[in-house]
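Q: Letter by letter, the chains look like this.
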Amino acid sequence: MSKAMLIDTTRCIGCRACQVACKSWHNLPGERTEFSDTWTNPKFLDSNNYTRIIFKEIDKPGGQLSWHFISRRCMHCNDPACASVCPVGALQKLENGPVVYDDARCIGCRYCMMACPFQVPKFEWGSAVPLVRKCDFCADRIAINLAPSCATACPSEALLFGDRNALLKEAHRRIGAHPAKYYPEVYGEKTVGGTSKLYLTAVSFDELGLTHQGFRTDLGNIPYGIYGREWMSKVPWIALTVGGLAVGLHYFNQRRAEVQSQKSQESQEGKED
Amino acid sequence: MASLGPTFGRGAMTNHWNDIANSDCVLIIGCNPAENHPISFRWITKAMDKGAKLIVVDPRFTRSAAKADLFVRLRPGTDIALMGGFINYILENNLHQKDYVANYTNAAFLVSKDFEFHDGLFSGYDKGKRAYDAATWSYELDAEKKPVTDPTLSNPRCIFQLMKHFYARYTPEMVEAVTGVPKKQFLAMAATFAATGEPGKAGTLLYAMGGTQHSTGVQIIRSYTIVQQLLGNMGLPGGGINALRGENNVQGSTDMALLFNIVPGYMAIPSEAAHPTLKDYLDKETPKASFWINKPKFFVSLLKAFWGDAATPANSFAYDYLPKIGKGYQGAGYSWIPLFESMGDGGIKGLLIWGMNPAVSSPNLNQAYGALAKLDWLAAFDLWETDTAQFWKRPGAKTKDIKTEVFLFPAADSLEKEGSVSNSGRWLQWRYQAVKPHGDAQSDLWYANRLGLELKKLYKADPKAVFPDPIVNLNWNYGDTPDVHLVAKEVNGYTVADKKQVLNFLGLKDDGSTACGCWIYSGSYPGPDKKNNLMARRDKKDPSGLMLYPTWAWAWPVNRRIIYNRCSLDPQGQPWNKDKAMFHWDPVAKTWKNLDVPDFKWIDPATKAHFGPEESAKAPFLMLPEGKSRLFVPGGACKEGPFPEHYEALECPYVNPMSAQQSNPVMKVWKSELDRVAQICDPKYPVIATTFRVTEHWQAGAMTRNLTWQAEMVPEMFVEMSPSLAKAKGVNPGDWVRVKSVRGEVLARANVTRRVAPFCCGKAGFANTVEMVALPWHFGFAGLITGGPDSRQNYAANQLAPMVGDANTMIPEYKVFLVDVQKV
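First to last, the protein sequences are chains A and B. So for the first sequence, this note's numbering puts the first residue at 1; every next one is plus one. So for the second sequence, this note's numbering puts the first residue at 1; every next one is plus one.
The hints are simulated quantities; they were obtained by calculation from the structure and are not laboratory data. Do not take every clue at face value.
[Stated by the list, open to error] Simulated crosslink set (DSS-like; lysine-lysine; CA at most 27 Å straight-line): (1) B:Lys324 / A:Lys181; (2) B:Lys823 / A:Lys60; (3) B:Lys284 / B:Lys729; (4) B:Lys46 / A:Lys60; (5) B:Lys684 / A:Lys56; (6) A:Lys60 / B:Lys684; (7) B:Lys50 / A:Lys169; (8) A:Lys60 / B:Lys201; (9) B:Lys284 / B:Lys324; (10) B:Lys374 / B:Lys398; (11) A:Lys56 / B:Lys729; (12) B:Lys823 / A:Lys56; (13) A:Lys169 / B:Lys284; (14) B:Lys184 / A:Lys181; (15) B:Lys727 / A:Lys43; (16) B:Lys297 / B:Lys46; (17) A:Lys60 / B:Lys727; (18) B:Lys530 / B:Lys684; (19) A:Lys181 / B:Lys53; (20) B:Lys146 / A:Lys56; (21) A:Lys43 / B:Lys823; (22) A:Lys181 / B:Lys201; (23) B:Lys46 / A:Lys169; (24) B:Lys398 / A:Lys60; (25) B:Lys727 / A:Lys56; (26) B:Lys531 / B:Lys541.
Only a predicted model underlies this, so the values are computations on that prediction, with no experimental measurement involved.
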């Protein structure tokens with residue numbers, strides 16, 4: 001049975017217990033940050049931040065203020081682009097939901113980062129032997145029948161963990177019962193062929209202004225894994241001819257990794273805020 | 001607590017956290033539970049799932065406001081005007097719960113003919129003393145000295161009519177002029193919450209420091225209580241008036257008398273002038289009626305717990321050992337402000353600081369630092385070296401002139417020790433030690449025990465010791481390494497002769513045969529073994545289905561989950577709401593079936609016969625002599641008057657539109673050189689300031705500014721300001737700005753947001769617009785993060801706040817003062 005999480009942002013109180021619980025379970029360091037005008041902090045997902053709450057103030061029709069708290073993390077696609085492009089199978093969609101990553105297999109090509117339509121996988125730019133990092137849906141906890149740490153910490157049940165089908169049913173029940181409260185679509189139900197993170201919001205991500213911050217609404221319903229496999233299937237045919245080129249590409253990538261310092265990464269990603 | 005006690009009889013949250021889920025309407029005023037009590041929002045959200053409405057009243061658009069059905073932006077410090085308007089709305093529109101008001105409140109009581117109110121002042125005011133003679137604030141008594149009542153509520157001198165007349169001045173237009181709340185919005189709020197006045201409906205009111213930290217704090221809470229009484233919302237599942245305590249054991253600390261004016265169990269601390277002998281104390285402090293007639297049993301048992309065999313009938317149970325109030329600063333006792341005033345005057349020489357950080361949390365910090373520097377010694381018990389432990393090397397300190405010797409003791413944190421925690425809902429929950437204390441750390445109990453043993457030894461050995469008896473004779477037998485169970489058992493109480501635990505406070509005596517450390521906790525540990533520790537119960541059974549969980553932990557008093565619960569029934573004993581019944585009266589069998597512990601007279605302890613509902617309908621509030629809750633507080637128990645009247649904060653940009661009396665007429669104003677306040681409508685300080693907390697930091701910040709996971713979320717001091725103020729001051733988002741009051745200044749980064757907005761208030765014809773800024777008070781100068789990048793800066797917001805206190809509790813006015821804002 002595939003597990004999922006229903007993220008009902010209308011119930012989120014922005015307390016960020018999920019951020020702390022995630023860092024606690026994954027033993028991630030807290031960082032030196034600066035004041036954030038929106039209160040969103042840290043300002044982007046990176047190899048030390050797998051999840052964060054985006055604070056968004058918008059005006060309701062009529063000029064009233066509304067304040068939304070949107071949990072951002074890996075969507076755990078049903079047919080993930082990241083896994084489909086990984087040449088060594090380091091990324092894998094588990095039957096029970098999580099998209100997990102095997103440190104030992106990764107060769108650091110970062111195709112996954114380019115392929116992900118949600119800009120989720122992050123590279124350990126500061127590390128000598130960098131690996132890819134992202135939310136792992138607490139696969140280790142799920143394996144022993146525990147809910148993910150973020151959902152366990154959430155006081156207002158904004159993060160509901162359970163079976164995907166049951167959660168979808170519940171999501172539609174809520175929309176039906178409170179049509180004025182919810183935008184009538186479940187983000188992740190069909191997006192990119194469906195994901196294990198399912199979002200309920202008060203208004204659309206377009207209206208929230210978050211389409212460039214990890215919640216694109218133009219992705220369509222076709223699984224991105226299909227595109228990845230199509231592309232990757234050509235690899236063996238041209239492997240020989242490209243063999244030499246691949247070596248070059250390796251050095252090219254390495255060079256790029258050096259150039260693309262942590263700083264430029266921050267400024268680019270900072271726009272996500 | 002100083003409002004709830006005189007109104008209902010006990011100073012505590014009436015219901016409990018889970019119970020909020022039973023509510024039909026939640027009114028949040030003067031608190032911000034989504035941020036400061038996030039777990040409570042679990043229950044608020046559950047109530048909303050079942051259709052409850054959420055109203056949030058706050059000067060700021062908070063994370064709680066983001067979840068509300070209705071957000072009402074209130075000018076800080078004007079709660080009484082808003083509630084006064086609400087009371088007027090309820091009475092004008094006849095929306096009060098009639099049976100409830102007539103039977104369970106003192107609405108029908110007649111008031112003395114001499115009671116008057118004129119232009120902001122009640123009868124009996126003495127301008128010179130800044131105090132009232134409350135003689136006229138009394139019930140009219142008949143020949144038998146019993147209060148005269150008019151059950152029809154029509155006599156013009158009955159409290160109901162007096163109240164109606166009093167609050168008629170609080171029209172919706174006046175509400176708008178004082179509070180800045182538009183009439184339409186006020187009416188929407190009033191209509192939504194007043195709907196809970198219908199019998200069978202329950203509305204809960206949640207408040208915290210946003211209500212209390214004002215020079216009119218006690219009367220602000222009083223105004224909340226009047227609304228809840230009129231709407232019949234007391235004693236019901238999903239109702240009540242609920243003071244959300246800011247820390248998980250603050251309720252426990254006040255229960256155990258970490259307040260200047262009480263001894264454990266909410267009994268007044270004896271006063272030197274009024275109570276020279278035990279007899280004086282017991283005669284004057286024991287009412288003639290109400291459950292408090294048992295006070296001598298509780299008080300004498302407390303003295304026996306303190307001094308054991310040294311407390312004998314011959315020496316009035318060592319009453320002379322007990323410190324008396326009266327020697328305190330200006331005779332007022334040592335509440336927060338007088339403590340610091342006294343330290344500043346050289347009166348108090350040494351200070352023990354346990355898990356507190358006054359170098360960040362005290363008002364008028366520069367004055368507080370000066371006071372700390374006058375001490376001979378300061379001992380801090382904490383997890384970290386706090387701002388207070390480092391006050392002598394704070395930015396700008398002249399360290400070489402500070403002679404205070406500072407000791408730092410590493411304390412065990414809550415997971416490193418065993419003991420009970422009393423939560424806001426009066427539940428005592430036992431906690432176990434998860435890990436051994438880190439390094440040399442010890443529990444607070446260990447330190448207190450060691451200190452007690454050491455003092456006893458020193459006083460015994462010193463032939464020149466002044467009055468050594470209270471310490472030498474102290475009953476202090478918890479072992480070298482103290483056993484927390486021994487403490488808990490003493491708190492529960494025991495019979496002295498055979499050291500048997502008492503079952504509850506009904507077993508206590510006033511003849512010295514019993515000892516009890518805190519009578520309201522009596523019953524929490526009624527037997528000798530660890531299995532008798534009821535605080536450790538973890539049974540999730542809920543027979544009522546109302547989330548009372550009677551066998552989970554233990555609640556004071558006597559495991560009662562909802563206090564004043566007689567009010568959940570009509571006078572005939574039938575529940576107002578049959579779906580949420582806690583008690584069933586069988587009129588045929590003439591017996592009660594109880595799902596909570598009754599807070600009313602239901603059984604004769606001698607014959608075990610059950611009393612009918614008519615008996616308990618006479619006195620649903622057992623702790624008050626008249627047995628009814630008080631719309632009107634007689635006898636000066638609330639020093640500003642029997643009805644809450646709106647006055648402006650001491651520092652205020654508006655002339656009071658309600659009366660010629662600008663500010664609280666009995667507020668304590670301190671006169672030292674450092675007690676500076678801005679003028680009314682001071683042109684140098686044209687902006688209102690208020691302070692607040694965020695989820696990510698904890699109180700004065702020592703615990704969270706030293707944790708990277710917390711620090712990264714809110715790393716720097718900031719000030720919320722409206723886009724219009726930012727524009728006027730040429731400030732861009734994120735700029736560093738200087739916020740200045742007449743007492744000090746602080747640097748903060750500009751958080752330009754529509755979550756704060758200017759207020760347009762004032763008398764008709766004199767209305768003007770005033771901006772407001774809001775500052776979190778978590779930051780300081782010590783720890784992993786201080787609030788900014790400059791180590792020479794102190795980022796504590798309370799450098800701005802005034803040392804001025806409410807007349808009853810001396811709680812400082814942190815929530816309204818005047819500032820100016822400049823771009824750095």
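Q: Give a verdict on every hint.
A: Results for each hint:
no.	hint	result
1	B:Lys324 / A:Lys181	violated (58 Å)
2	B:Lys823 / A:Lys60	violated (31 Å)
3	B:Lys284 / B:Lys729	violated (59 Å)
4	B:Lys46 / A:Lys60	holds (25 Å)
5	B:Lys684 / A:Lys56	violated (35 Å)
6	A:Lys60 / B:Lys684	violated (36 Å)
7	B:Lys50 / A:Lys169	holds (19 Å)
8	A:Lys60 / B:Lys201	violated (31 Å)
9	B:Lys284 / B:Lys324	holds (15 Å)
10	B:Lys374 / B:Lys398	holds (13 Å)
11	A:Lys56 / B:Lys729	holds (25 Å)
12	B:Lys823 / A:Lys56	holds (26 Å)
13	A:Lys169 / B:Lys284	violated (66 Å)
14	B:Lys184 / A:Lys181	holds (23 Å)
15	B:Lys727 / A:Lys43	holds (26 Å)
16	B:Lys297 / B:Lys46	violated (43 Å)
17	A:Lys60 / B:Lys727	holds (23 Å)
18	B:Lys530 / B:Lys684	violated (63 Å)
19	A:Lys181 / B:Lys53	holds (13 Å)
20	B:Lys146 / A:Lys56	violated (61 Å)
21	A:Lys43 / B:Lys823	holds (25 Å)
22	A:Lys181 / B:Lys201	holds (24 Å)
23	B:Lys46 / A:Lys169	holds (19 Å)
24	B:Lys398 / A:Lys60	violated (53 Å)
25	B:Lys727 / A:Lys56	holds (21 Å)
26	B:Lys531 / B:Lys541	holds (18 Å)
Hint compliance for this structure: hints 1, 2, 3, 5, 6, 8, 13, 16, 18, 20 and 24 are broken, all remaining hints hold.
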